[in-house]
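Student: Sequence:
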Amino acid sequence: MKLALATPMQVEGSAKSPIGWIDFCKTHSADCDVKAARPVRAPLTEARLKELDAINRKVNAAIAPMTDQELYGVEEKWTYPVDKGDCEDYVLLKRRMLMDAGWPRQALLITVVRDLKGDGHAVLTVVTDRGDYTLDNQADDVKPWFETGYTYIKRQSQIDPNVWVLLGDGIGPVGVATAP
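If you read the sequence shown in the working numbering, its first letter stands for residue 6, the second for the next number, and so on.
Heads up, some of the hints might be wrong.
To be verified - Mimicking DMTMM-like on lysine to aspartate or glutamate, the simulated pairs with C-alpha atoms at most 20 angstroms apart in a straight line are: (1) K31 - E81; (2) K82 - D28; (3) K31 - E80; (4) K31 - D165; (5) K63 - D145; (6) K63 - E51; (7) K148 - E51; (8) K31 - D73; (9) K89 - D145; (10) K21 - E81; (11) K82 - D124; (12) K148 - E56; (13) K21 - D124; (14) K21 - D38; (15) K63 - D88; (16) K148 - D58; (17) K63 - D105.
Because the hints were derived from the structure by calculation, they are not lab data.
Small disclaimer: the values here were computed from a predicted structure and weren't measured.
Could you put together the complete structure from these sequences and hints?
Tutor: So, in structure tokens, the structure goes:
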């Protein structure tokens with residue numbers, strides 16, 4: 006894996022928080038009751054990129070994909086997975102592991118996208134001084150966001166994880182990731 010310069014995503018405006026995040030905050034208040042913080046672009050070195058890659062691969066290997074309907078009998082439930090979970094659960098665990106490893110919360114943003122099939126999906130965006138990177142349970146490789154092929158819809162704000170922002174490319178309401 007090579008350290009590359011990636012373009013940051015463009016924020017277009019405010020968005021509604023996903024209901025899954027709102028419900029998650031009711032049961033995991035320590036993850037949500039945080040003070041507003043200044044935006045941070047985490048320094049990205051070869052070693053830190055390897056750390057992102059290792060955590061992405063570790064979680065992807067440890068958690069078996071399973072829908073919330075299959076696991077809990079409900080359409081949407083965000084929680085920390087034990088051995089099974091859906092995309093948001095992978096994201097939450099990766100985010101927690103990275104924060105435990107010293108990554109700043111403001112640089113670890115839960116992001117809602119449309120995947121290659123057009124389905125709703127969640128990934129973890131890592132905001133760095135070398136651009137925005139994506140950790141994804143559908144791919145073991147950590148990639149610059151624009152190399153995923155996904156349509157980016159919204160993500161947490163860097164200032165407050167309970168505030169969500171729309172993403173775009175300056176043309177429309179969503180950004181379509183395409184390799185340059």
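Student: Given the hint that K31 pairs with D73, does the C-alpha gap stay at or below 20 angstroms?
Tutor: Given that 20 angstroms is the threshold and the Cα spacing comes to 17 angstroms, the pair holds.
Student: Please verify whether K148 and E51 have alpha carbons no more than 20 angstroms apart.
Tutor: It holds: about 14 angstroms lies between the C-alpha atoms, which stays within 20 angstroms.
Student: Can the restraint linking K21 and D38 be considered satisfied, given a maximum Cα separation of 20 angstroms?
Tutor: It holds: about 18 angstroms lies between the C-alpha atoms, which stays within 20 angstroms.
Student: Has the given pair, K148 with D58, been kept, meaning a C-alpha gap of at most 20 angstroms?
Tutor: 9 angstroms, holds
Student: Given the hint that K63 pairs with E51, test it: the Cα-Cα distance must not exceed 20 angstroms.
Tutor: Holds, at roughly 18 angstroms.
Student: Does the structure keep K82 and D124 at a Cα separation of 20 angstroms or less?
Tutor: 17 angstroms, holds
Student: Taking 20 angstroms as the top limit, are the C-alpha atoms of K31 and E80 close enough?
Tutor: Cα-Cα ~17 angstroms, so holds.
Student: K89 and D145 were given as a pair; does the straight-line alpha-carbon distance stay at or below 20 angstroms?
Tutor: Status holds; Cα separation ~17 angstroms.
Student: Sort out whether E56 lies within 20 angstroms of K148, counting only the CA atoms.
Tutor: Distance ~13 angstroms between K148 and E56 Cα, so the pair holds.
Student: CA of K31 to CA of E81, is that 20 angstroms or under?
Tutor: Cα-Cα ~14 angstroms, so holds.
Student: Are K63 and D145 close enough, with their CA atoms no more than 20 angstroms apart?
Tutor: Holds. K63 to D145 sits at ~9 angstroms (cutoff 20 angstroms).
Student: Tell me if the straight-line CA distance from K63 to D88 falls inside 20 angstroms.
Tutor: 12 angstroms, holds
Checked against the numbered hints listed earlier, the structure breaks none of them; every hint is satisfied.
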